[in-house]
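Chemist: Spelled out, the chains give:
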Amino acid sequence: MTAREHPTEQAADGPPLLEAQELRKSFGATPALDGASLRVRAGEVLAVMGPSGSGKSTLLHCLAGIMPPDSGRVLYQGAELSALPDGPRSELRRTEFGFVFQFGQLVPELTCLENVALPLRLGGMKRKEAERSATEWLERLEVADVAGKRPGEASGGQGQRVAVARAMVTTPKVIFADEPTGALDTLNGERVMQLLVGAAKDTNAAVVLVTHEPRVAAYSDREVVVRDGKSLEVELSR
Amino acid sequence: MTSLNDRSRGTVGSRGRGPGAALARWVGDLVLGVRLAVGGGRTSWVRLALTAVGVGLGVMVLLAATSVPHMLAGRADRGNARAVHFADEPSSPVPGVDAALVTQRNDEFLGRGLQGYLVELTGPAAPHAPGVSRLPGPGEAVLSPALVDLLKSSDGELLRPRFSQRIVGTIGPEGLTGPNELFFYVGADGMRSLPGAARISSFGSGQQSSQISGLELLLIILGAATFLIPVVVFVATSTRLAASARDRRLAALRLVGADGKQVRRIAAGESFVGAIVGLVVGAVMFLIAKALVPLISVSALRGGIFSADIRPEWGLVGLIIVGVPLLSVGVAVLSLRRTIIEPLGVVRRAKSARRKLWWRLLPVVAGVGLLATQGSKFANSSSGASETPVIAGIVLLLIAVAVVLPWVVERVVWSLRGGSPAWQLAVRRLQLDSGTSARVVGGVAVVLTGAIALQALFLPAQADADARDSGPVEIRATMNGTSLAEMDKFAAALHGVPGFAGAKVSVAGTILDAEQKYASIEIGSCAELAAHAPLPGCVDGDVFYGKAKVTRGNGQGQDHGQGEPKNNHVLVPTAGQPVWFSGIKDVKASTPPHWTIPAVKGTVQLSEQRSDGGLLLVTPAALAGVRTISVFAASNVKLQTSDPRTVEYARNALFPLGWNANVMAFNLVADGGNSEYLLIKRVLNIGSVITLLLAAASLMVVALEQIRERRRALAVLVANGTQRVVLARSLLWQMAIPIVLAVAIAVGAGLGLAALLLAVVSDHPVLFDWPTIGIFSGAGLVAVLGVTVLTLPSLWRAASVEGLRGE
Amino acid sequence: MGLTLLGLLENGPRHGYDLKKAYDERFGHDRPVHYGQVYSTLSRLLRDGLVEVNGVEAGGGPDRKRYAITSSGVTDVHGWLTTPEKPELYLQNTLYTKVVLALLSGRVAAEVLDIQRAAHLRAMRELTQRKTNGDLADQLICDHALFHLEADLRWLQLTAARLDQLAKEISS
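Chains S, A and W, in that order, give the protein sequences.
Per our numbering, the first sequence starts with residue 1, numbered consecutively.
Per our numbering, the second sequence starts with residue 1, numbered consecutively.
Per our numbering, the third sequence starts with residue 1, numbered consecutively.
Rather than coming from a laboratory, the hints here were simulated on the basis of the structure.
For clarity, every value in this text was computed on a predicted model and none was experimentally measured.
Take the hints with a grain of salt, since some may be wrong.
Chain S side only, calculated, beta carbon under 10 Å to chain W, not exhaustive [to be verified]:
| # | residue |
| --- | --- |
| 1 | A47 |
| 2 | M67 |
| 3 | A144 |
| 4 | V146 |
| 5 | G148 |
| 6 | N188 |
| 7 | E190 |
| 8 | D202 |
| 9 | E213 |
| 10 | S220 |
| 11 | R227 |
Just so it is clear, CB atoms sit at the ideal spot from N, CA and C, and this is done for glycine as well.
Start from the sequences, fold in the hints, and give me the full structure.
Modeler: What follows is the structure, encoded as structure tokens:
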């Protein structure tokens with residue numbers, strides 16, 4: 001049994017769907033990313049692990065085009081994401097990406113159904129049609145019963161499932177999940193992870209899963225550790 | 001660690017034992033609240049500063065409002081002190097004072113009113129004019145400082161020809177209504193022959209302060225109520241600033257052992273600090289505004305406002321000092337009623353109950369009832385006894401607007417459905433909590449209601465004052481003179497001005513006989529006079545008498561010049577009759593007659609009606625040899641020009657003829673009319689704008705607070721690829737929906753209130769000034785837009801990546 | 001034990017007695033190891049060519065042989081350190097030993113932890129996979145194992161975060 005370390009290399013085959021190359025990002029004098037790289041293939045669940053403050057959320061924000069890196073490149077389907085202007089980048093996020101965060105991501109004044117339908121409606125879909133797809137996703141995530149309620153009236157686990165439904169409703173190519181179970185108990189967390197990963201596998205979507213919880217990371221196919229802003233990938237061979 | 005424990009125990013835990021501890025605990029809690037307000041580092045300072053500025057703005061407006069009576073009184077007093085009583089009878093001479101001949105001249109320059117007196121002194125001991133150390137002699141002038149400045153400036157170039165006199169002094173503040181008033185005393189001679197000149201021994205009308213009429217008082221009350229309600233709303237909103245952050249802080253206090261009552265007292269302490277600092281800030285802002293007022297009110301209120309005139313009413317100041325902290329503490333405590341602060345967080349009590357309408361209608365019913373039953377008494381008496389019910393009625397109706405609005409907003413918002421995502425976000429947001437914005441918008445609605453009602457009340461007064469039409473500029477040039485040669489000069493000068501070449505100049509006068517019976521005469525060439533009636537065989541030197549068309553008083557039809565005029569005071573000229581020209585001082589039967597009427601060549605029928613029965617048509621040669629004459633030339637010209645300087649050219653062209661020539665422009669006048677209506681209207685309009693700004697500021701506070709609360713959701717929306725424009729539009733809708741409802745209700749309520757007041761309190765017809773209503777409503781909408789634009793940066797900040805980071 | 005002694009020798013040749021003392025100090029905790037066990041292990045290592053006798057000192061002690069690690073011994077230690085322990089219960093002791101030795105020998109101790117973490121995660125992944133596809137009994141059994149593995153993993157993460165501190169204490 002030997003082990004090797006491959007900070008940047010990807011052993012598995014297939015072209016990467018999303019790739020980060022030597023990302024650097026500082027907030028003031030504090031470096032958050034210091035040369036982080038990774039690759040995600042379609043249908044793959046990648047866990048990004050690391051202690052608090054290691055820069056994993058920043059890495060996710062850069063990967064998703066929410067925040068431009070100071071240097072380095074983010075390539076989505078071979079095109080450089082950071083080179084896109086804000087408009088197309090927003091559109092890309094709306095159509096190709098989905099997001100699940102730890103909490104507080106649903107618009108409190110909209111019903112759960114409207115929250116899920118929102119990304120479709122922002123894309124110009126008719127309300128009826130959007131709400132029909134939204135209902136399907138809510139059913140799939142076993143939260144059809146909260147469709148007419150506001151997020152505040154649903155439980156935390158239900159809320160996260162609604163959030164997953166919202167992330168999935170546009171059938172994105174990449175789902176970014178930042179501590180999606182962080183505010184949930186074990187059982188609810190497990191269920192959300194099963195549904196999230198299951199839905200992603202079904203639609204062949206890649207998942208970038210930021211977590212510090214090993215049990216959540218265990219849902220991934222592969223993990224990258226971020227430490228002091230650097231990415232680290234260990235490959236075990238048997 | 002230990003010190004921290006000690007401290008928290010010292011402040012929250014260990015009191016409450018021993019006698020008199022309750023009070024100590026109260027004070028302790030309040031002090032803790034104070035310390036939380038000032039001791040929480042940068043954010044709490046920012047919060048305190050915002051609250052203080054908000055409360056301060058409100059306090060400043062309140063202080064300004066209490067200053068209005070003093071200001072109006074001060075202006076009126078100074079205006080009266082320099083007033084001249086132009087009575088027919090010369091005022092009784094004062095011993096030791098050499099009377100002066102005075103006549104008033106109103107002029108204007110580029111739309112700004114220009115007023116003053118022509119004075120002719122009759123001796124060294126001239127009467128004292130307020131603010132003037134020495135009245136000017138011939139060729140001299142005493143001007144107001146603003147007029148001096150205007151003459152020096154490049155803008156004043158066209159005005160300079162009119163003030164070529166030697167300036168021997170400036171008018172002090174006690175002789176001016178405002179610091180920027182354009183006022184003058186110009187020395188003259190030969191005024192004995194001027195019509196309308198008064199011989200006075202002292203300036204001042206003797207009236208201390210002009211009586212404010214019932215309608216005017218009503219306007220002031222309405223305006224004041226309009227100001228006060230939004231200010232109160234704004235102060236209340238300001239003390240609620242950052243309430244969510246405060247609630248979280250209070251929850252933390254609950255965690256270390258504070259009970260519910262303590263938390264409320266601590267909250268009270270916090271808002272108390274805000275209110276106190278706000279009072280100080282407001283006082284400072286008021287003093288700054290007071291100092292700046294002369295600079296910013298250049299042309300407002302005819303000459304601006306003196307700093308010294310802005311004196312708050314001290315009794316009301318006391319009320320503000322006590323009331324504002326009470327209000328803010330009350331609001332803080334009341335607002336906690338709906339919030340249960342638990343040790344581990346804040347629970348907002350679910351408001352499932354819909355708003356109820358019935359009690360909201362109580363003020364409407366009470367207000368209408370009061371006005372309908374008590375209004376007529378108010379109209380018929382000028383005493384203060386009947387004011388209270390009317391004031392109460394108006395205030396009740398204004399309150400009703402603020403009270404009914406939340407109900408209407410809620411109902412309308414709940415009935416809204418569908419729409420674009422931006423619309424949906426806004427509507428849902430409002431459905432969740434329409435109360436806050438409805439209350440704030442209630443302030444705007446009250447302002448608009450009040451302002452619209454005011455406009456409707458002003459309109460009859462304005463309609464009386466001048467019937468303006470939107471046609472061409474109408475210019476009326478006039479000249480008083482003592483010779484026909486002067487009249488010719490006037491006509492020649494006027495015809496030399498571009499645009500006036502063909503202007504018809506009519507020369508008229510009035511003659512009196514020994515019994516003070518009078519007749520009008522008009523002097524002109526045969527061709528000119530023929531405009532009145534055909535004059536057969538007319539040559540220069542002829543005199544004709546034109547009989548007017550007479551209307552019978554009983555309405556039975558017209559009698560074409562049959563019979564003599566009924567008026568006993570009217571002189572029917574006969575040949576050889578000795579007459580005197582009117583308008584010349586000291587006309588007495590004892591002085592030799594000025595003119596003897598020559599033979600009347602014919603009596604002709606005039607095409608117009610005249611109250612004096614007829615008109616003596618005189619050709620110039622008939623007046624040859626007359627030494628003393630008083631005539632009046634007038635020319636009415638309609639000009640198709642929008643250049644205000646045209647009028648100034650005409651004025652300057654006529655200037656060499658002296659102050660007896662006058663040019664007035666209609667439809668150009670920006671500052672016409674000297675009525676108190678105008679003054680009150682200006683004050684109220686300025687107040688409306690200020691309160692509208694306050695309401696807009698409140699809206700912004702609410703919006704900022706909402707954005708802060710929803711920071712994370714907004715950031716996630718943007719992360720999800722939501723276009724920023726969608727968020728911006730949703731913010732706009734969220735503010736626009738309540739505002740549009742508020743404007744609609746305000747227009748309705750304002751018109752209703754005005755109609756009610758006009759119908760019940762005064763007997764003026766109901767007229768509505770739609771353009772002004774449009775302007776006020778538009779201003780409300782512009783305020784929404786402005787607030788939205790100002791709030792956007794904060795929205796972007798909240799929606800940026802920082803919002804995704806944890807709390 | 002043998003690999004541990006080898007690891008300790010990597011820092012430089014030592015007498016058997018010093019070796020026992022060093023072992024006790026670092027890893028013995030409350031139970032000191034017997035001399036006999038140390039000597040028998042050393043002789044096994046000597047036989048396998050992983051250590052050599054570096055010198056004998058004359059003098060009073062029972063055995064004054066000084067042992068040094070051979071190059072094949074170094075290879076063995078390296079191989080051991082960079083091979084993850086099979087994820088199982090209560091293996092912190094071995095892991096701790098590995099981390100300390102890695103620090104003592106100037107290797108990158110974080111690497112030891114990273115490799116172990118990867119192995120743990122792989123095991124957890126397999127359990128998670130089984131759990132997802134299995135019935136309730138499977139789920140409960142897998143969860144039991146998963147929670148224990150998670151505890152280990154958490155310890156690994158914690159230790160990784162405290163490596164600097166540990167290195168300081170060891171070198172002092």
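Chemist: Broken hints, numbered, in rising order?
Modeler: When the structure is compared with the hints, numbers 2, 3, 4, 5, 6 and 8 turn out to be violated.
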